[in-house]
Amino acid sequence: MENNDKLIIGGHEFTSRFILGSGKYSLSLIKAAVEHAGAELITLAVRRANTKEHENILDHIPQGVTLLPNTSGARNAEEAVRIARLARELGCGDFVKIEIMRDTKYLLPDNAETVKATEILANEGFVVMPYMYPDLNTARDLVNAGAASVMPLASPIGSNKGLATRDFIQILIDEIDLPIIVDAGIGRPSQACEAMEMGAAAVMSNTALATAGDLPMMADAFRKAVEAGRQAYLSGLGRVLVRGASPSDTLTGFLRD
Amino acid sequence: MDNNYIFDSEGLSEEALKRKHKLENDPSCRTDHMKHMEGQDRIKSDIFDKVMEQFNSYDPAAYTAKDVSRALQQSTIGVEEFKALLSPAAEPFLEQMAERARIETRKHFGNTVYLFTPLYIANYCENYCVYCGFNCYNKIRRMKLNTEQIEHEMKVIADSGMEEILILTGESKAMSDVKYIGEACKLARKYFRMVGVEIYPVNVEDYKYLHECGVDYVTVFQETYDNVRYEQLHLAGHKRVFPYRFEAQERALMGGMRGIAGSALLGLSDFRKDALATALHMYYLQRKYPHAEISLSCPRLRPIVNNDKIDPLDVGERQLCQVLCAYRLFLPFAGITVSSRESKSFRDGIVKIAATKISAGVSTGIGDHESKYTGKENPDEGDEQFEIADSRSFETMYKDMSDEGLQPVLNDYLYV
Numbered sequence: 001m002e003n004n005d006k007l008i009i010g011g012h013e014f015t016s017r018f019i020l021g022s023g024k025y026s027l028s029l030i031k032a033a034v035e036h037a038g039a040e041l042i043t044l045a046v047r048r049a050n051t052k053e054h055e056n057i058l059d060h061i062p063q064g065v066t067l068l069p070n071t072s073g074a075r076n077a078e079e080a081v082r083i084a085r086l087a088r089e090l091g092c093g094d095f096v097k098i099e100i101m102r103d104t105k106y107l108l109p110d111n112a113e114t115v116k117a118t119e120i121l122a123n124e125g126f127v128v129m130p131y132m133y134p135d136l137n138t139a140r141d142l143v144n145a146g147a148a149s150v151m152p153l154a155s156p157i158g159s160n161k162g163l164a165t166r167d168f169i170q171i172l173i174d175e176i177d178l179p180i181i182v183d184a185g186i187g188r189p190s191q192a193c194e195a196m197e198m199g200a201a202a203v204m205s206n207t208a209l210a211t212a213g214d215l216p217m218m219a220d221a222f223r224k225a226v227e228a229g230r231q232a233y234l235s236g237l238g239r240v241l242v243r244g245a246s247p248s249d250t251l252t253g254f255l256r257d
Numbered sequence: 001m002d003n004n005y006i007f008d009s010e011g012l013s014e015e016a017l018k019r020k021h022k023l024e025n026d027p028s029c030r031t032d033h034m035k036h037m038e039g040q041d042r043i044k045s046d047i048f049d050k051v052m053e054q055f056n057s058y059d060p061a062a063y064t065a066k067d068v069s070r071a072l073q074q075s076t077i078g079v080e081e082f083k084a085l086l087s088p089a090a091e092p093f094l095e096q097m098a099e100r101a102r103i104e105t106r107k108h109f110g111n112t113v114y115l116f117t118p119l120y121i122a123n124y125c126e127n128y129c130v131y132c133g134f135n136c137y138n139k140i141r142r143m144k145l146n147t148e149q150i151e152h153e154m155k156v157i158a159d160s161g162m163e164e165i166l167i168l169t170g171e172s173k174a175m176s177d178v179k180y181i182g183e184a185c186k187l188a189r190k191y192f193r194m195v196g197v198e199i200y201p202v203n204v205e206d207y208k209y210l211h212e213c214g215v216d217y218v219t220v221f222q223e224t225y226d227n228v229r230y231e232q233l234h235l236a237g238h239k240r241v242f243p244y245r246f247e248a249q250e251r252a253l254m255g256g257m258r259g260i261a262g263s264a265l266l267g268l269s270d271f272r273k274d275a276l277a278t279a280l281h282m283y284y285l286q287r288k289y290p291h292a293e294i295s296l297s298c299p300r301l302r303p304i305v306n307n308d309k310i311d312p313l314d315v316g317e318r319q320l321c322q323v324l325c326a327y328r329l330f331l332p333f334a335g336i337t338v339s340s341r342e343s344k345s346f347r348d349g350i351v352k353i354a355a356t357k358i359s360a361g362v363s364t365g366i367g368d369h370e371s372k373y374t375g376k377e378n379p380d381e382g383d384e385q386f387e388i389a390d391s392r393s394f395e396t397m398y399k400d401m402s403d404e405g406l407q408p409v410l411n412d413y414l415y416v
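Protein chains in written order, with our numbering: chain A, 1 to 257; chain B, 1 to 416.
Simulated from the structure, these hints should not be mistaken for lab results. Take the hints with a grain of salt, since some may be wrong.
[Unchecked claim] Straight-line C-alpha distance at most 30 Å; calculated DSS-like pairs for lysine-lysine:
id: 1; chain 1: B; residue 1: K173; chain 2: B; residue 2: K35
id: 2; chain 1: A; residue 1: K224; chain 2: A; residue 2: K24
id: 3; chain 1: A; residue 1: K24; chain 2: B; residue 2: K352
id: 4; chain 1: B; residue 1: K399; chain 2: B; residue 2: K107
id: 5; chain 1: B; residue 1: K179; chain 2: A; residue 2: K52
id: 6; chain 1: B; residue 1: K190; chain 2: B; residue 2: K399
id: 7; chain 1: B; residue 1: K208; chain 2: A; residue 2: K52
id: 8; chain 1: B; residue 1: K35; chain 2: B; residue 2: K22
id: 9; chain 1: B; residue 1: K107; chain 2: A; residue 2: K24
id: 10; chain 1: A; residue 1: K52; chain 2: B; residue 2: K155
id: 11; chain 1: A; residue 1: K105; chain 2: B; residue 2: K352
id: 12; chain 1: A; residue 1: K161; chain 2: B; residue 2: K66
id: 13; chain 1: A; residue 1: K52; chain 2: B; residue 2: K399
id: 14; chain 1: A; residue 1: K161; chain 2: B; residue 2: K352
id: 15; chain 1: A; residue 1: K105; chain 2: A; residue 2: K116
id: 16; chain 1: B; residue 1: K186; chain 2: B; residue 2: K208
id: 17; chain 1: B; residue 1: K344; chain 2: A; residue 2: K52
id: 18; chain 1: B; residue 1: K144; chain 2: B; residue 2: K190
id: 19; chain 1: B; residue 1: K107; chain 2: A; residue 2: K31
id: 20; chain 1: A; residue 1: K52; chain 2: B; residue 2: K107
id: 21; chain 1: B; residue 1: K288; chain 2: A; residue 2: K116
id: 22; chain 1: A; residue 1: K105; chain 2: B; residue 2: K208
[As the list claims (entries may be wrong)] A few chain A residues that face chain B, going by a derived Cβ cut-off under 7 Å, partial list only:
id: 23; residue: T51
id: 24; residue: G73
id: 25; residue: N76
id: 26; residue: R85
id: 27; residue: T104
id: 28; residue: T207
id: 29; residue: T211
[Unchecked claim] DEER-style ranges, computed between Cβ atoms:
id: 30; chain 1: B; residue 1: K139; chain 2: A; residue 2: D214; range: 53 to 61 Å
id: 31; chain 1: A; residue 1: I171; chain 2: B; residue 2: E99; range: 34 to 42 Å
id: 32; chain 1: B; residue 1: V79; chain 2: A; residue 2: N137; range: 34 to 42 Å
id: 33; chain 1: A; residue 1: M217; chain 2: B; residue 2: A65; range: 37 to 45 Å
The beta-carbon is built from N, C-alpha and C at its ideal position, and this holds for glycine as well.
All chains, full assembly: derive it from the sequences and hints.
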């Protein structure tokens, strides 16, 4: 099954459906985290990579893994665009995860500015993966702006609180024809599994791993959970549960033709 | 009249000595510290009143173990819970507070610890603050680095590996004006990824200018939020104006700065009340300017000249730790900086619980980085503002932090 079930983002194929964050743990653990998570995409903050030679995060990311630089620190579309361009100059490739926050307390994304930045960067040939608050109208705007995926938050970033926005993410999964990648707030493998059962295309996590006692082991657990959730989704089980049970006597049995 | 605060007044003229004694002994000759001086911006803000109201009404002794216990059971620590956690009643709960603080710090910052170094470029000062070694009546070697010297210092620091710098001056607009500081900051942008300033409070236009010079972070210490005590400690100079200093961070944000930091100098007044006001000051600013990155420092008085005359209200390491844990629980997302005034053992411990940023390779003198870093003698150095307790170099600090299981971060910032 796995071989045929590819995650396609902006024309690029991935086998793994777990995207790994890199920001909150020792650089020396990145390699082990990638391997145990089976991750093929890893995010990194451009501002963090903007360092001199002493110890650059870029040097710790194994070959063959696709970099997903993020624009954290951007407060509006203009800043996000500048950071994305810098990522390209730094050799991070064409993928970019747009993060625009006007609030330093909850780090909630600014949907309107995100749409603006998506349009500009998509036109410049970036594979744009916008982080957003799960709102259907914004998601549609992002599709029109040229996004390659949509990344709704599950709960406040770093909170490990799980799928607080479950119903709204489900709406995006049902209505948007792009990969919906659940990002932020996924605190445990079971939550990642649930997101995948709902039909999410992938899950991203950072804090849940960074705060684990044994990071590589937790990475392994997430990989398994994401795979299990995906299988459950493909098998159809998850959707039955989400939509509720069917009555045993049909309501339309009285119809005669 | 007695010479109240300075033991060494040899260098002062008769007239200066007389004025100094008058300032110390006759409050009526001092200016109104609650009134702005000419040329100082007055901004419309409700933050001052909010913080002062909380400061004045807070009675740390009124809280009980039950209040603290209840506070620790809440998922979100609000203002009332924070007050309980700062109270003496919370001292027996320190370990519990530390455990929870550690979790919050990890959630928001992971295992990262940011490193920076301060650079003092001038130590001229026009203020008379009785507890400070830089004060205008103190006979110290005064110095102001010229462009060439500043660049030399920056090169020495940058070569050590440091990428974030905090530029400091004494508080003298005449000797180190905003243009001079701005030029230093432009130079700093050449050698460092991130530039902050800790200088005398300035007007919005000046902050705007400094921002254009490459500065994005402004630190101002209120020293104490107890305005009666403030009046007794800051006898002359621009710093005497309590509300103008209080509003500095807000003016910095209005001038386009990304981040602000502040603190009281714990020990000048009741440190629990000052800690409350410090955190609330930043808290209300972030509520009003949600994009602002806020950061707290936690300087406490260390042995200095006139220690006995000032009567510092002692803040031990346990109390400081309590304050920092309470800060972390109330403001989980805020940066917390612990300076080299604190010992190695304290800093190594507190970065695992609540602090997110520490200095390394520190000198509080002027123009002495090369001699401090390499041992090369330089007769042309200005005196230090205070003694430091943790003199670890950048390299040692980087290694020590890594050995502690933390990830040192030299830069996590872009000037955009």
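Evaluated hints:
no.	hint	in the structure
1	K173(B) x K35(B)	holds, 19 Å
2	K224(A) x K24(A)	holds, 22 Å
3	K24(A) x K352(B)	holds, 14 Å
4	K399(B) x K107(B)	holds, 23 Å
5	K179(B) x K52(A)	holds, 29 Å
6	K190(B) x K399(B)	holds, 26 Å
7	K208(B) x K52(A)	holds, 28 Å
8	K35(B) x K22(B)	holds, 21 Å
9	K107(B) x K24(A)	holds, 8 Å
10	K52(A) x K155(B)	holds, 14 Å
11	K105(A) x K352(B)	holds, 21 Å
12	K161(A) x K66(B)	holds, 28 Å
13	K52(A) x K399(B)	holds, 17 Å
14	K161(A) x K352(B)	holds, 23 Å
15	K105(A) x K116(A)	holds, 23 Å
16	K186(B) x K208(B)	holds, 14 Å
17	K344(B) x K52(A)	holds, 27 Å
18	K144(B) x K190(B)	holds, 20 Å
19	K107(B) x K31(A)	holds, 21 Å
20	K52(A) x K107(B)	holds, 27 Å
21	K288(B) x K116(A)	holds, 25 Å
22	K105(A) x K208(B)	holds, 24 Å
23	T51	holds, 5 Å
24	G73	holds, 6 Å
25	N76	violated, 9 Å
26	R85	violated, 11 Å
27	T104	holds, 5 Å
28	T207	holds, 6 Å
29	T211	holds, 5 Å
30	K139(B) x D214(A): 53 to 61 Å	holds, 59 Å
31	I171(A) x E99(B): 34 to 42 Å	holds, 39 Å
32	V79(B) x N137(A): 34 to 42 Å	holds, 36 Å
33	M217(A) x A65(B): 37 to 45 Å	holds, 39 Å
In terms of the numbered hints stated before, the structure departs from hints 25, 26, listed from lowest to highest.
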